[in-house]
Structures are given as C-alpha cells and as structure tokens.
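Visitor: Model the full assembly from the supplied sequences, consistent with the hints where possible.
Going by the numbering used here, 381 is the number at position 381 of the sequence shown; the sequence numbering is gapless.
Please keep in mind that the hints were generated in silico from the structure rather than gathered at the bench. Be careful, since some hints might not be right.
As the list claims (entries may be wrong) - Cβ pair distances, simulated, as ranges:
(1) 266 <-> 126: 36 to 46 Å
(2) 122 <-> 390: 48 to 58 Å
(3) 114 <-> 358: 47 to 57 Å
(4) 144 <-> 444: 44 to 54 Å
(5) 315 <-> 145: 41 to 51 Å
(6) 194 <-> 158: 38 to 48 Å
(7) 218 <-> 122: 38 to 48 Å
(8) 186 <-> 9: 29 to 39 Å
(9) 394 <-> 38: 53 to 63 Å
(10) 234 <-> 106: 39 to 49 Å
Model, not experiment: these values are computed from the prediction. Using N, Cα and C, we set each Cβ at its ideal position, and we do this for glycine too.
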Amino acid sequence: MCACATRLSFFWGIGMNFYMEIAKLRAARRLWSTLIRDKFQPKNPKSLLLRTHCQTSGWSLTEQDPYNNVVRTVIEAMAAVFGGTQSLHTNSFDEALGLPTVKSARIARNTQIIIQEESGIPKVADPWGGSHMMEALTDDVYNTALKFIQEIEEMGGMAKAVAEGIPKLRIEECAARKQARIDSGAEVIVGVNKYRLEKEETVEVLAIDNTAVRQKQVDKLKKVRESRDSVEAKKCLSAIEECARTREGNLLGLAVAAARARCSVGEITDAMKAVFGEHKASSRMVSGAYRSEFGEHEEITVAHNRVADFKKLEGRNPRLLVAKMGQDGHDRGAKVIATGFADLGFDVDIGPLFQTPLEVAQQAVDADVHCVGVSTLAAGHKTLVPELIKELRLLNRPDILVICGGVIPPQDYDFLYKSGVCCIFGPGTRIPQAAMEVIDSIEKSLESIRQAM
Numbered sequence: 001m002c003a004c005a006t007r008l009s010f011f012w013g014i015g016m017n018f019y020m021e022i023a024k025l026r027a028a029r030r031l032w033s034t035l036i037r038d039k040f041q042p043k044n045p046k047s048l049l050l051r052t053h054c055q056t057s058g059w060s061l062t063e064q065d066p067y068n069n070v071v072r073t074v075i076e077a078m079a080a081v082f083g084g085t086q087s088l089h090t091n092s093f094d095e096a097l098g099l100p101t102v103k104s105a106r107i108a109r110n111t112q113i114i115i116q117e118e119s120g121i122p123k124v125a126d127p128w129g130g131s132h133m134m135e136a137l138t139d140d141v142y143n144t145a146l147k148f149i150q151e152i153e154e155m156g157g158m159a160k161a162v163a164e165g166i167p168k169l170r171i172e173e174c175a176a177r178k179q180a181r182i183d184s185g186a187e188v189i190v191g192v193n194k195y196r197l198e199k200e201e202t203v204e205v206l207a208i209d210n211t212a213v214r215q216k217q218v219d220k221l222k223k224v225r226e227s228r229d230s231v232e233a234k235k236c237l238s239a240i241e242e243c244a245r246t247r248e249g250n251l252l253g254l255a256v257a258a259a260r261a262r263c264s265v266g267e268i269t270d271a272m273k274a275v276f277g278e279h280k281a282s283s284r285m286v287s288g289a290y291r292s293e294f295g296e297h298e299e300i301t302v303a304h305n306r307v308a309d310f311k312k313l314e315g316r317n318p319r320l321l322v323a324k325m326g327q328d329g330h331d332r333g334a335k336v337i338a339t340g341f342a343d344l345g346f347d348v349d350i351g352p353l354f355q356t357p358l359e360v361a362q363q364a365v366d367a368d369v370h371c372v373g374v375s376t377l378a379a380g381h382k383t384l385v386p387e388l389i390k391e392l393r394l395l396n397r398p399d400i401l402v403i404c405g406g407v408i409p410p411q412d413y414d415f416l417y418k419s420g421v422c423c424i425f426g427p428g429t430r431i432p433q434a435a436m437e438v439i440d441s442i443e444k445s446l447e448s449i450r451q452a453m
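Guide: So, in structure tokens, the structure goes:
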C-alpha cells in the first residue's frame, strides 16, 4: 500500500451545502493521513497527502430558470477551493437541458479561472482553519466517516459491503429523502419549487446527431481493424483471456499491450468478460424513505388512493420498469424515481445499467409491466428510445407504454412523442405529479384496448 499511496487520488462531487462540502474535504485529508499512518507506517511522508479532484454537482443543476445554475456552480466551486482541492471541474449551466454549448462551457471554465486568478482565494492554504464552526463540523464529519469505515471493516471490507449492496442502499435512501424534501417544499430550490418564472425563456442547447456520430465511430473502428496486425491483435486478446483464466500475470500490462496492437476497449473488455462474466448490481430498492420524509400530505394521499383505485379496477397495481440503456451509467435519478413510485403503491422493477433496447423490451414483456420508464442523461434518447418501441412491437407488446425522464432538450420532445413516447418528465418534475400522469396514461391505454376488442 505504501508503494502506491502517493499515486492514488480521490474524485469528489461538490454540492450546495457550502460549509459541509468544505468540512468534507478537510475531514477527508485528516482521515486519509490518520489511516495511512496508523495502518501502514509509511516511510515516504508524501503517502499521507490526499490527492483530490473535485467536480461541481450535476444533480443540483436545474432545467427551470437555468441561468441560476451559474450561481450554483460558483458556490460549489468556491467550496471545493476552500476545501483544498488540487484540481477542479466546473459544470456548464445548461447540462440539465442537454450537452453544453461552446458558450456555456466557456462560462464554466472562466468560473474557476476567475476564482483562481482574480479572487485571491487560493493564496491561503486553509482559510477556515481555526473557525469554531468549521472545526466542529470537520470533527463531526471525520468521526461519522470513521464510524462508517469501522462498520465496513467489521462486515469484512468494502468489497463485501459493495457485493451486498449496503453502501448503494444508504446512498439511495439519502437521495430519496432529499427528493421528498424538495417535492414537499421543505427544501427550497430557487426556480423549481419557489420563485418560479411565469414563463421559461428559451435557452440554446447543443444538438447531437447520434446516428451520424455512431456511424463515424463504426467507420473509424473498421479502418483500425483493417490496418492493424490481426495476428498480433488476436494474440494479445488471447493472452488477456488466458491471464484472466489462470490469474497468472499482469492484466493491466497485457491490456496496454493489446491497446498498442490497436485492439479496441470493447475487445479487451470482452476478452475478460469471457472469463469473469459481467457484474450485475443488486436490484434491491429502498422502501419507505421517500414517503416518510415527505410526510402526511394530501398530494401523497391522493396519489396513493389513485393506485388503490387502479388495483380495484384492474386486479393489480400499476407496474413500471425503470430502465437505463446505452452507455449512460448515471442511475441516481432512476433509483429515486423507482423508490418514490414504489412508495406510492406502484409495483416497480429496475433494470441493470447498460442494457440494449432489446434487453429492456424483453424484461418488460417477461415482467408484464404496464409501462417502461427510460432514464436518459447521456443524449442517447433519439436513438435508443425509438429502438425500444420498435422491439416492443416486434415482441407483440405495443400496449406497453414508454415514458422518458432525465436530461432531454425541449426541442427533442416532439420527436419522442412522434416516435411513440407517451410522457416526458424533465428535471424538477415532482414524483407525485409524475405518478398521477403515468396512471392517467395507463388507464387511457387500457380503455383504448378494451374498446378495440
């Protein structure tokens, strides 16, 4: 451990809780140095230093009144700098609408340059040191984190805890409670649940032709495979598979050699998957967190009663499959939606990450769901969603509805509706409101089917 400690770095997300974010980074440095010193007694004092990269939150960005996001990013960036980050990524204000434009990316870049070169903030190493409030908060974060680490060690280590889904469930519970506070208005989000604009102004959003980008990449891969030494590439991939099977050798070194032989990341991954298989995360869901945090409220009662009425009429609860397709690995929002809908009485299935449209369609048919909810945050919706609808029709289940949520540019809504999507929910949509709209759509669809029989 001591040999590699100086080369390890940590990636931190920075949110809007300004003082807490500063304390988090201060506590992390103390925690790292204490654990490394006590457990490994390093000879190199640099092993005690925590290498830190931070990124401002993408989750705190809002689709509504998006220029407010510039202010949010400034606050989060300042917290990271006050906390002592060595490097920083500042998000663009329009990333809740779509991929950033050149203009918004320039504002994001200049945000950190102004902090770095105009404000003088980085000239002081730890400006909050000695503050009674900050030191107390840092101690609290440090002691709580140390308690969690000790609990994990008693379980058998982080690998075992991850395999059992324990850290994931705790994170998802926290996220569900946060969403409930926002939906209920207990936690203010300016422009979303308070101080809303009467009419949202149009914001320029970068448009991407996914089909063209994909074809361009396919053509590049084809040229690489035609020009490389195919014998050497096959030899490198076979070596990776053999190393994975025997567990003898250096997989990383073999992967580097394969890359130099012009093997693709997909080919290298497939060689290892042939032996290791593919990790499937636990699909367990947090139960009760959203509703208990929201509290007793008429809106929750109305939504829950609608589900109960649906069950009386149809003989079962409305059933929803929450799906992630393509290379979109962000599932926080999907898990919050799944938890919230389940707490309102829906039967909810959750698909694994990185599914294909066919895999999602087959899971939807096998589970006999009323609706598939596609969470999309990586600009793949114009390619993947129509393909999903096509696969459902090929499986003779055009009655299964498709809804979309996530980061979808407003100008893409019409395309998705014409493709067969029945509902679209952007960032800031309240879960009880979304649940009512989904039930309305399911009931309307079922009634149409009955009338056609």
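Visitor: Determine for every hint whether it applies to the structure shown.
Guide: Going through the hints against the structure:
The hinted window of 36 to 46 Å between residue 266 and residue 126 holds, with their beta carbons roughly 45 Å apart. Here the CB-CB span from residue 122 to residue 390 is close to 53 Å, well matched to the stated 48 to 58 Å. Taking the beta carbon of each, residue 114 and residue 358 are about 48 Å apart, inside 47 to 57 Å as hinted. For residue 144 and residue 444, the hinted distance range of 44 to 54 Å is satisfied, since their beta carbons lie about 48 Å from each other.
Our hint of 41 to 51 Å for residue 315 and residue 145 holds, since their Cβ atoms are close to 48 Å apart. Checked against the hint of 38 to 48 Å, the pair residue 194 and residue 158 passes, with Cβ atoms roughly 39 Å apart. Here the CB-CB span from residue 218 to residue 122 is close to 45 Å, well matched to the stated 38 to 48 Å. Between residue 186 and residue 9 the C-beta distance comes to about 36 Å, which sits within the given range of 29 to 39 Å.
Distance hint check: the CB atoms of residue 394 and residue 38 are about 60 Å apart, consistent with the given range 53 to 63 Å. Between residue 234 and residue 106 the Cβ separation comes to about 45 Å, which falls inside the hinted range of 39 to 49 Å.
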